[in-house]
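Residue numbers (my numbering), protein chains in the order written: chain V, 2 to 192; chain S, 2 to 192.
Certain hints may be false.
Pairs count within a copy or across copies, as identical chains cannot be separated in the list.
In silico DSSO-like pairs for lysine-lysine, Cα to Cα no more than 27 Å straight-line [said to hold, decoys possible]: (1) Lys-82 x Lys-96; (2) Lys-82 x Lys-22; (3) Lys-120 x Lys-22; (4) Lys-82 x Lys-104; (5) Lys-22 x Lys-96.
No lab work stands behind these hints, which were simulated from the structure alone.
2 protein chains.
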Amino acid sequence: MELLKQRIREDGVIKGTEVLKVDSFLNHQMDVELFDAMGAEFKRRFSGCEVNKILTIEASGIGIACLAARHFGCPVVFAKKSQSRNISDNVFCAKVESFTHGKVYDVVVSREYLHPEDKVLLIDDFLANGEALRGLAAIVAQSGAQLVGAGIVIEKAFQPGGANLRAQGMRVESLARVAAMSEDEGITFAD
Amino acid sequence: MELLKQRIREDGVIKGTEVLKVDSFLNHQMDVELFDAMGAEFKRRFSGCEVNKILTIEASGIGIACLAARHFGCPVVFAKKSQSRNISDNVFCAKVESFTHGKVYDVVVSREYLHPEDKVLLIDDFLANGEALRGLAAIVAQSGAQLVGAGIVIEKAFQPGGANLRAQGMRVESLARVAAMSEDEGITFAD
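Next comes chain V alone, as it looks inside the complex (with noise of 0.2 Å):
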């Protein structure tokens, strides 16, 4: 999507070769106008596949979830990285590793808001590792939902994620996938 590249190109900030700051349009201060016109390219991407139900992830996910949620004409789940005292125990939950944070968590969702006829579709600010999309792809499977596919911003295609899940089957679409970047070269998209 060369509108979203023409944006991390601008205003992103590498540091090192391993982490992008975004932080000026995606995952702190966010530009809604951009997540709308990704969430219609997310559309376009997956039309035909019959979404009823986008499943993200608390924080940065949320935004661009609810906002492609309008183009889809379907509600947002997000799963939880802590269980809250007003969530009841009858949730679907897996582990998760955070390599950003250096821990592990549960992330939960309700059983009352997947169901085996629903067609899901992830969505998230990030794919590095892939982590989190694992740990929501197993929350889909645990509900018995189907898996359409995941819906990515921004691919670090130099680290294993996209790769891995692309070989066990799952289908992700990423508006731009970074092949290479450095604090001296900038970034090397992959297309």
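Based on the hints, put chain S in the right spot on chain V.
Okay, now just chain S, sitting in the frame of chain V:
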């Protein structure tokens, strides 16, 4: 907002006299079409205020804020509840006590995304004791930006947050104000 009150009556689940679960449409599964209508209502109430930034707090405020932001034509910034490795130390920070989770946490916003010339609208899903709004308002004050007010989806008007914040001069607009609730008698709205 009648559409919202009707939805709360139909799908809200009351536990005791203080907990109102609206997981099915507001803060776990999210009805994006309803969010869009709520966004239009926030815009109607704060029209003419020249809002150029919406500030919310992760996680359940984000979807509501993003749909509202489309109506205001402005970006959203979401305050984070803990400091991630990818956020610079250069942040505005406030301590917030969560009665739901029984703990105190830091709420942070990068200094890059709030400026003295900003006119900021706070958006959140619930207002009860007012701790989250108080923390967000403190962050806006630190930045030197102008606080336009707060748009809340559900105010528990039987708890002191709304009255206290209004007494301190904050304009608080709540789309549904719950005066009282009980498992036996259901919900009474304030207006």
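Results for each hint:
1. For a Cα distance limit of 27 Å, the shortest separation of Lys-82 from Lys-96 qualifies both inside one copy, at 9 Å, and across copies, at 21 Å.
2. Proximity of Lys-82 to Lys-22 under the C-alpha cut-off of 27 Å is found in both arrangements, the shortest distances being 22 Å within a copy and 18 Å between copies.
3. For a Cα distance limit of 27 Å, the shortest separation of Lys-120 from Lys-22 across copies, 25 Å, qualifies, whereas the shortest one inside one copy, 32 Å, does not.
4. For the identical chains of this complex, Lys-82 and Lys-104 are neighbours both inside a copy (12 Å) and across copies (16 Å), given an alpha-carbon limit of 27 Å.
5. In this assembly of identical chains, Lys-22 and Lys-96 lie within 27 Å of each other by CA distance both inside one copy and across copies; the values are 25 Å within and 25 Å between.
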